[in-house]
Amino acid sequence: MSTQLIPRGIRKSSAIITIAAANVAQNLFLESVGPTVNRTVILRKIFAYSNIGNVTITIGIGLAPLVAIIPPFYVLNTLDMQLTENEIPEVEVFANLTVQATILGCMVQVEVEEVGS
Amino acid sequence: MAKELHTYKAGPIEQVVMPGENVGIWVNKTYEFYKVDFVEPITRSDPVTIDLGALAALAQSNVVQITLLQMPDLEFAQLRMEALDDVSIILYQGRADQRHKLQNVVSTITRFNPLYDPCGHQTEFYEFEDNYIFLQATNQTAYALTQARVVFWGFRYVLTYQPNYNAKGQQPDVWTRIPATAHL
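Protein sequences, first through last, are from chains A and B.
The first sequence begins at 1 in the numbering used here and counts up one residue at a time.
The second sequence begins at 118 in the numbering used here and counts up one residue at a time.
I should point out that these hints are in silico values taken from the structure, not numbers from a laboratory.
Treat the hints with caution; some may be incorrect.
[Claimed, not checked] Below, a sample of chain B positions facing chain A; criterion: calculated Cβ distance under 7 Å: (1) Ser178; (2) Phe229; (3) Leu232; (4) Tyr233; (5) Thr258; (6) Ala259; (7) Leu262; (8) Thr293.
Predicted model only: the values in this text are computed from it and were never measured.
Glycine is no exception: its CB is placed at the ideal position from the N, C-alpha and C atoms.
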């Protein structure tokens, strides 16, 4: 399988988000809202780490409830987990990205491509 | 066949005229005529990068006079620019005269421009002597930006005034129009 990585937008990354509460969604990446015509966000890379136990992490949109945009993924304790753009469906959303996890204290960071003008 | 030189030319930036050729520079709502004596590059570099300052989420800067790009007497600059941060930039030539405008809106320069215009030719503008450009930046993001940087590159042209020519009278046989202001 090959993926054509023709740039459609500009790359940005989120801050390193530490999950504050188990099974409670929180913001992961804030979409830019300045342009008159909305931008969209494509999730490109995910980096996650836990040292407080195995954890299931879900990335999606919305806070209550979080609606997943890719299947949840499992992170083993003390093993970092990376997914790159070859491995992630090219899901394009018009919303902030949010994240929730089954235990608090694990960390997630994403790289996105913002499409717009 | 001579190489074609012209303003806003697509591709890596090239000078618009050769030394010894004539230009008509649009200032004061008319063309003034000069002969080009000397041309040299202005490299894309730190000294020709400006920071329009920190901007809160969605905030807009003042219209900032870019004295950094002032040219000496009898010189003009051909410059392209690129926004380095996620802001949209409006170019003014004359504090109240926006460039790149349609009837009702003004197009802007953003971080997206290099995606479809890698050479930046659509950002090209011309500045004559102290006819300053002005820039205004708007934060496109939902979070504060600590800086709003714009970088420039291009050429400077050293000129000799040609008093025998004027727009309503005799003109050189061949001359290049330089749109150095937005006064129309």
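Hints and how they fare:
1. Ser178: This interface hint is violated because 13 Å lies over the 7 Å limit.
2. Phe229: Where the cut-off is 7 Å and the nearest Cβ of chain A is about 5 Å from phenylalanine 229(B), the hint holds.
3. Leu232: The hint holds - leucine 232(B) has a Cβ within 7 Å of chain A, the shortest such distance being about 6 Å.
4. Tyr233: violated, 10 Å
5. Thr258: holds, 4 Å
6. Ala259: holds, 4 Å
7. Leu262: With a closest approach of 10 Å, the leucine 262(B) hint is violated.
8. Thr293: violated, 32 Å
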